[in-house]
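A.B. asks: Read off the chains here:
Number of protein chains: 2
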Amino acid sequence: MIDNLLIEKLLNKERRAIARSISIVELNNSTSVELLEKIHPNVGRAYRIGVTGPPGAGKSSITNQLTKYYLKQNKTIGIIAVDPSSPFTGGALLGDRIRMTEIGQNPNVFIRSMASRGSLGGLSKKAIDAADVIDAAGYDYIIFETVGVGQSELDIANAADTTIVVLVPESGDYVQAMKAGLMEIADFFVLNKSDRPGAQQATTALTTILMLKDHDEYSWIPNIIQTIATENKGIDEIANEINRHHIYLKNSNNFIKNRELNIKRRIKDIVEENIQNLLWNNFSENLLNSTLEKVVAGDLSPYQLAEKIIYNFRNHL
Amino acid sequence: MIDNLLIEKLLNKERRAIARSISIVELNNSTSVELLEKIHPNVGRAYRIGVTGPPGAGKSSITNQLTKYYLKQNKTIGIIAVDPSSPFTGGALLGDRIRMTEIGQNPNVFIRSMASRGSLGGLSKKAIDAADVIDAAGYDYIIFETVGVGQSELDIANAADTTIVVLVPESGDYVQAMKAGLMEIADFFVLNKSDRPGAQQATTALTTILMLKDHDEYSWIPNIIQTIATENKGIDEIANEINRHHIYLKNSNNFIKNRELNIKRRIKDIVEENIQNLLWNNFSENLLNSTLEKVVAGDLSPYQLAEKIIYNFRNHL
Numbered sequence: 008m009i010d011n012l013l014i015e016k017l018l019n020k021e022r023r024a025i026a027r028s029i030s031i032v033e034l035n036n037s038t039s040v041e042l043l044e045k046i047h048p049n050v051g052r053a054y055r056i057g058v059t060g061p062p063g064a065g066k067s068s069i070t071n072q073l074t075k076y077y078l079k080q081n082k083t084i085g086i087i088a089v090d091p092s093s094p095f096t097g098g099a100l101l102g103d104r105i106r107m108t109e110i111g112q113n114p115n116v117f118i119r120s121m122a123s124r125g126s127l128g129g130l131s132k133k134a135i136d137a138a139d140v141i142d143a144a145g146y147d148y149i150i151f152e153t154v155g156v157g158q159s160e161l162d163i164a165n166a167a168d169t170t171i172v173v174l175v176p177e178s179g180d181y182v183q184a185m186k187a188g189l190m191e192i193a194d195f196f197v198l199n200k201s202d203r204p205g206a207q208q209a210t211t212a213l214t215t216i217l218m219l220k221d222h223d224e225y226s227w228i229p230n231i232i233q234t235i236a237t238e239n240k241g242i243d244e245i246a247n248e249i250n251r252h253h254i255y256l257k258n259s260n261n262f263i264k265n266r267e268l269n270i271k272r273r274i275k276d277i278v279e280e281n282i283q284n285l286l287w288n289n290f291s292e293n294l295l296n297s298t299l300e301k302v303v304a305g306d307l308s309p310y311q312l313a314e315k316i317i318y319n320f321r322n323h324l
Numbered sequence: 008m009i010d011n012l013l014i015e016k017l018l019n020k021e022r023r024a025i026a027r028s029i030s031i032v033e034l035n036n037s038t039s040v041e042l043l044e045k046i047h048p049n050v051g052r053a054y055r056i057g058v059t060g061p062p063g064a065g066k067s068s069i070t071n072q073l074t075k076y077y078l079k080q081n082k083t084i085g086i087i088a089v090d091p092s093s094p095f096t097g098g099a100l101l102g103d104r105i106r107m108t109e110i111g112q113n114p115n116v117f118i119r120s121m122a123s124r125g126s127l128g129g130l131s132k133k134a135i136d137a138a139d140v141i142d143a144a145g146y147d148y149i150i151f152e153t154v155g156v157g158q159s160e161l162d163i164a165n166a167a168d169t170t171i172v173v174l175v176p177e178s179g180d181y182v183q184a185m186k187a188g189l190m191e192i193a194d195f196f197v198l199n200k201s202d203r204p205g206a207q208q209a210t211t212a213l214t215t216i217l218m219l220k221d222h223d224e225y226s227w228i229p230n231i232i233q234t235i236a237t238e239n240k241g242i243d244e245i246a247n248e249i250n251r252h253h254i255y256l257k258n259s260n261n262f263i264k265n266r267e268l269n270i271k272r273r274i275k276d277i278v279e280e281n282i283q284n285l286l287w288n289n290f291s292e293n294l295l296n297s298t299l300e301k302v303v304a305g306d307l308s309p310y311q312l313a314e315k316i317i318y319n320f321r322n323h324l
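Order-wise, the sequence lines are chains A and B. Just remember that the working numbering sits 7 ahead of the position in the first sequence, which is counted from 1. Just remember that the working numbering sits 7 ahead of the position in the second sequence, which is counted from 1.
No lab work stands behind these hints, which were simulated from the structure alone. Glycine included, every Cβ here is placed at the ideal spot set by N, Cα and C. Watch out, some of these pointers could steer you wrong.
Derived coverage of chain A by chain B (criterion: at least 3 residues anywhere in the stretch with Cβ under 8 Å from a Cβ of chain B; other residues may be distant) [as the list claims (entries may be wrong)]:
| hint | segment |
| --- | --- |
| 1 | 20-34 |
| 2 | 194-202 |
| 3 | 256-269 |
| 4 | 272-284 |
| 5 | 318-324 |
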């Protein structure tokens, strides 16, 4: 049971209530559902920005500088830093530490870090649920900071209104990057550390690739913004480009369409999770366990046993 | 329809038939199922080795050297190189090129590279299906080479009999690595590039962490093998450790238990995929699409619409 006082405090932007509510949605149980139901009418006002790219490209610096930019405009910012691959990217922790001293103490900033810690499943769902909590609390911007291009990151990018892909001149094979789905998720690119050798060639290569994409005069064509985040160079340009993309989304009616798609994806996830729980009841677990040895022995194929289980599920639901 | 001649040629270890069969299972459709059904009785003889770790640790070099070691013993080796994060790891491509010239031409080696190319879903399933094809063709060893510790890699590691985690002295935060599930998947660690500074400290740190794990006198305790793969140092030790682990698995009855678990996981995947297809029929898609705007407007919560769809599914299955 969710205490109504908690919801009240959350909607009142009390930091401890926000933190507590995120911890509740992270549990991903019936209490989480109750909380998400209660805040649902208050969700949807924050503008959501995704910042992704390879380790070491400077995503944390970009996020921090952008946050400082918005703070100067008297905006409130929630940051959700997701690092499913944290075991090998010591940088994330360092970035977190710098962040905490620079902006973490500001009352207009709320930061939550999420790492996989052994289980990756549901990480993107938890990040998006956490965004809803911060959104309901009335923050103006929510920035998702994610590493890499795994499925979790793609899911989170899909949940953002504007997604920024941060690269550096030495990021390497841009053609590969494009093939791996970055073309689809990037609303614009940031070429960080653009004072390094190869920046111009990288920009040219990216531009060429982007022009290959089908587009007409109404299409949004991703720009490439050169930055040096550590020197605060190019941050205004990032904020302007986010704004320009926001206006494009609204004018093209894509803003609401994207949000509908997100809600749709989410409802599907909820349905599928529930169906899975219905599916793996004692009966089908027993059927699977008791017939497994026949499959191991080669007398039955995995597909034949699967068929039996499905048949049973359909007849006993 | 699968041509029986293809199966015959595959079981006869003809390279073109193996390649063609893998392409068929990658389609993940009814033809794939038919092929996997037909080869099922011939699957299960190959010993499966997983090689994982962060980019740049030298997984390709380890895999190549280990392959050469087995070749000298007149063994046949299948390699499945999976790189879901390929956009930013140019190294994988380079590794592939070196590999092709060194061992790729050897008739006793079969190599298949798999990258995500825009869609990550099902990558681990495809890799495991591909392993079954190579297994059915009669190869002695199958090496899965994967980057990082995403869900795909964990799934693939689970499908291996022995999983090796390759690290380098500078891999960084070992405690984090352990938390992220590497402790659970590593049957032993390889500390590659062990001539670099920090190798001894890294070994000490890893050993300390490994000793923290609960174990009794019958437990398998992961060892740490120091190597310099590019100089072929420590490869014999890796092969010996794989062998020692294989013997442990057999004696402790875990070999068959692990394989049962893999088949079980796989059957569950097949069942769930089929149920999803049943679930998202026209009726529930329509229900979702036609009621979505109420959710967007805040009149209905995502959970309430999900409940409607589940109710309908249960009553119309």
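A.B. asks: So, for every hint listed, does it hold in this structure?
C.D. replies: Hints and how they fare:
1. Coverage of the segment 20-34 of chain A by chain B is violated. Counting CB-CB distances below 8 Å, 0 residues qualify, and the rule asks for three or more.
2. Counting residues of the segment 194-202 of chain A whose beta-carbon sits less than 8 Å from any beta-carbon of chain B gives 0, not enough to reach three: the coverage restraint is violated.
3. Counting residues of the segment 256-269 of chain A whose beta-carbon sits less than 8 Å from any beta-carbon of chain B gives 3, enough to reach three: the coverage restraint holds.
4. Here's how the segment 272-284 of chain A fares: 9 of its residues keep a CB closer than 8 Å to some CB of chain B, so the rule of at least three is met and the hint holds.
5. Check on the segment 318-324 of chain A: 3 of its residues sit with their Cβ under 8 Å from a Cβ of chain B, so the three-residue criterion for coverage holds.
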